[in-house]
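Protein chains in written order, with this note's numbering: chain A, 36 to 198; chain B, 293 to 801.
The set of hints was computed from the structure by calculation and includes no laboratory data. Don't take every hint at face value.
As the list claims (entries may be wrong) - Computed list of lysine-lysine pairs in DSSO-like fashion (alpha-carbon distance at most 30 Å, straight line):
#1 K425/B / K577/B
#2 K624/B / K730/B
#3 K64/A / K745/B
#4 K116/A / K624/B
#5 K112/A / K740/B
#6 K64/A / K730/B
#7 K112/A / K745/B
#8 K112/A / K730/B
#9 K64/A / K425/B
#10 K64/A / K757/B
#11 K116/A / K745/B
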Amino acid sequence: MAGIALAIGIGLAITGRRLSQNPDTPLEKLNALLPQTQCAQCGYPGCRPYAEAILSGEADINQCPPGGDATVTAIAKLLGKSAAAVNPAYGAYQPGRTAVIDEAACIGCTLCIDACPVDAIIGAHRYTHTVIRSECTGCELCISPCPVDCIDMVPLNTAARAA
Amino acid sequence: MSVPVITIAAPDWGIRFGHDAQRHPDLMLQTARLPDRVRIPLQQHIGSEARPLVQEGDRVLAGQPVGRMDVNRLGAHVHASLSGHVTRVGTALVPGRRNGLAVDIQSDGLDERWPGFAPHSQPLRLSTAALRKAVLDGGIVGLGGATFPAGIKLNRGGGVATLILNGAECEPVIRCDDALMCHYTEEMLLGAQIMLRILEADSCIIAIKQDMSSAISRVTTSLTQLADDRFQIALVPPVYPIGGEAQLIQLVTGREIPSGGLPWDSGAICQNVATAAAIATLLTKGEPMLSRIVTVTGDGVAAPANFVARIGTSIESLINAAGGYTQQSAGKLMMGGPMMGVELASNQLPVTKATNCIYVPGNQELTQKSDAVACIRCGDCAAVCPADLMPQLLLQAQATSDFDRLEQFGLSDCIECGCCDYVCPSRIPLTRQFIHAKQQRWQIALEKRRASKASARITARDARKQREALELEQALEQQTHNVTTAAGARSALEALLERTGADNSDDQS
Numbered sequence: 036m037a038g039i040a041l042a043i044g045i046g047l048a049i050t051g052r053r054l055s056q057n058p059d060t061p062l063e064k065l066n067a068l069l070p071q072t073q074c075a076q077c078g079y080p081g082c083r084p085y086a087e088a089i090l091s092g093e094a095d096i097n098q099c100p101p102g103g104d105a106t107v108t109a110i111a112k113l114l115g116k117s118a119a120a121v122n123p124a125y126g127a128y129q130p131g132r133t134a135v136i137d138e139a140a141c142i143g144c145t146l147c148i149d150a151c152p153v154d155a156i157i158g159a160h161r162y163t164h165t166v167i168r169s170e171c172t173g174c175e176l177c178i179s180p181c182p183v184d185c186i187d188m189v190p191l192n193t194a195a196r197a198a
Numbered sequence: 293m294s295v296p297v298i299t300i301a302a303p304d305w306g307i308r309f310g311h312d313a314q315r316h317p318d319l320m321l322q323t324a325r326l327p328d329r330v331r332i333p334l335q336q337h338i339g340s341e342a343r344p345l346v347q348e349g350d351r352v353l354a355g356q357p358v359g360r361m362d363v364n365r366l367g368a369h370v371h372a373s374l375s376g377h378v379t380r381v382g383t384a385l386v387p388g389r390r391n392g393l394a395v396d397i398q399s400d401g402l403d404e405r406w407p408g409f410a411p412h413s414q415p416l417r418l419s420t421a422a423l424r425k426a427v428l429d430g431g432i433v434g435l436g437g438a439t440f441p442a443g444i445k446l447n448r449g450g451g452v453a454t455l456i457l458n459g460a461e462c463e464p465v466i467r468c469d470d471a472l473m474c475h476y477t478e479e480m481l482l483g484a485q486i487m488l489r490i491l492e493a494d495s496c497i498i499a500i501k502q503d504m505s506s507a508i509s510r511v512t513t514s515l516t517q518l519a520d521d522r523f524q525i526a527l528v529p530p531v532y533p534i535g536g537e538a539q540l541i542q543l544v545t546g547r548e549i550p551s552g553g554l555p556w557d558s559g560a561i562c563q564n565v566a567t568a569a570a571i572a573t574l575l576t577k578g579e580p581m582l583s584r585i586v587t588v589t590g591d592g593v594a595a596p597a598n599f600v601a602r603i604g605t606s607i608e609s610l611i612n613a614a615g616g617y618t619q620q621s622a623g624k625l626m627m628g629g630p631m632m633g634v635e636l637a638s639n640q641l642p643v644t645k646a647t648n649c650i651y652v653p654g655n656q657e658l659t660q661k662s663d664a665v666a667c668i669r670c671g672d673c674a675a676v677c678p679a680d681l682m683p684q685l686l687l688q689a690q691a692t693s694d695f696d697r698l699e700q701f702g703l704s705d706c707i708e709c710g711c712c713d714y715v716c717p718s719r720i721p722l723t724r725q726f727i728h729a730k731q732q733r734w735q736i737a738l739e740k741r742r743a744s745k746a747s748a749r750i751t752a753r754d755a756r757k758q759r760e761a762l763e764l765e766q767a768l769e770q771q772t773h774n775v776t777t778a779a780g781a782r783s784a785l786e787a788l789l790e791r792t793g794a795d796n797s798d799d800q801s
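With the rest of the complex left out, here is chain A (with noise of 0.2 Å):
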């Protein structure tokens, strides 16, 4: 049993050395570009796995709604393509928002917690959960699995009034 740990442990120092980031891989490069809000809408779980699916030619530059056509310029020039405009198939560039839960709604389920990709929500079973706004990329994955429909998008500077 200890054997197994042991090789798993093993095992998980060569993966998490692997993934840390060398910032001169081509991957790293094109991932530093991309806006880390991990909210998927590229089709692909996450910042730095559409980087990988560019990267091997599974997926086109135009996918990332959140980084908008700037992003597009920006891998473009890294890899020597020709520019292009953010597809509008994949979502529509909306800059600067924020989740805000209504905390008089919020029943403590915590889904949204886990959906968090960035862990900005904090809260417990039971108890009203809130978004850290300084945190939070607004990547909208928070929305859905909210069973009572209490969080909502909101611009930055608007939120950052109301608090």
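Position chain B against the provided structure of chain A, taking the given hints into account.
Just chain B, lined up with the frame of chain A:
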């Protein structure tokens, strides 16, 4: 003793405005009536907003702090400008920003002073540390328009040999520094001596524009009486924007501030003449910035004048004091001069520490910028640019949002003076686009920071998920081991008994 005077030769950049633009060379200095109510914005400086110290209903005295700036943050304290009652603390329309916190005070007409700032008859005998603290406590900021906190700028300690007092007011219509040098000469010189002491600097150059004859004679007379050999006068040519900090330092000292560098890197620092006077008033009278001189001018007002106005006075009341609007008024209000001023949204906005001028242009004075045509590559903009940039190339890079090239062409060194707009034969509003590019660049940097933070958080979350999966697997492994081996089963049973036994004894006790 005669005062050393140096005459600065005209630079090869900038704009000489004709006499037409200077129709009101000598404006009267008047003291505006004590207002019935003031609105004190909690951010009247570069940096962040001060924290309110008062609540609705509180009685405040003139000079009492109403906004506090945290230590180690860029900003300045804010003080009540008259005595009375706080009627509201909340967000309001403030100049220079869309919305900001402000404290509204209804005057009680007594104008009672707050006793917290002690007046000193001999401020030059105070220690450097005490002087520094006073400038910080008094919320003194640079009064030339940029409102950089003076306490922070003076806190450079060492390395600064020369203090330049900037009286080279160069926007065509502004006359507040001119008035200050004529009417507050002694305060200005005392303030300069205090700053020299704080900086441990050994010379002070007072830069005055060559066409300000009365200011030159007043300052010369006062300097002769003062007989302090650290002072010199530099007569600068009437070229716009010669009062720009970097431009003035370069012309007066001959040392250029490197691109991306700060003024004190050149061994000199520049302070506005009004800032010096404000420091002297603070120390000799115990008054932090209660008021400042505001020029109210333009063809749109009947009787242009300079006013000593309390901070927080409404702009409307100053315009009324200047005889109200004329028939020719273009229906626009600017804070600052015609070249760099910002348009104000309402005449209800308050005067702040930054309000050097309220410019009410007439119909004739407004330049139309809506009919811009294509750039013809004449290069006139490059010839007048005081920062030695090539605005035509910056414009081209801005059109394609090419931030690498914008940086390469020196976007950061643009001082937004508007000379390129003024000379452009195609009437292209260049400066506005450069300001926009700077904001965009700031936004991009912000998004980059957010992205790298998000990236770190998702990496941490993935690692945690993996660790949790591993721990779950180990726990399952342990349970399987327990039920499949005899020894494991026995130890599990013992552990269970021990736990329930302990629970029982707990219950009995």
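| task | Any hints from earlier that this structure breaks? Give me their numbers in increasing order, please. | result | Violated: hints 4, 9.
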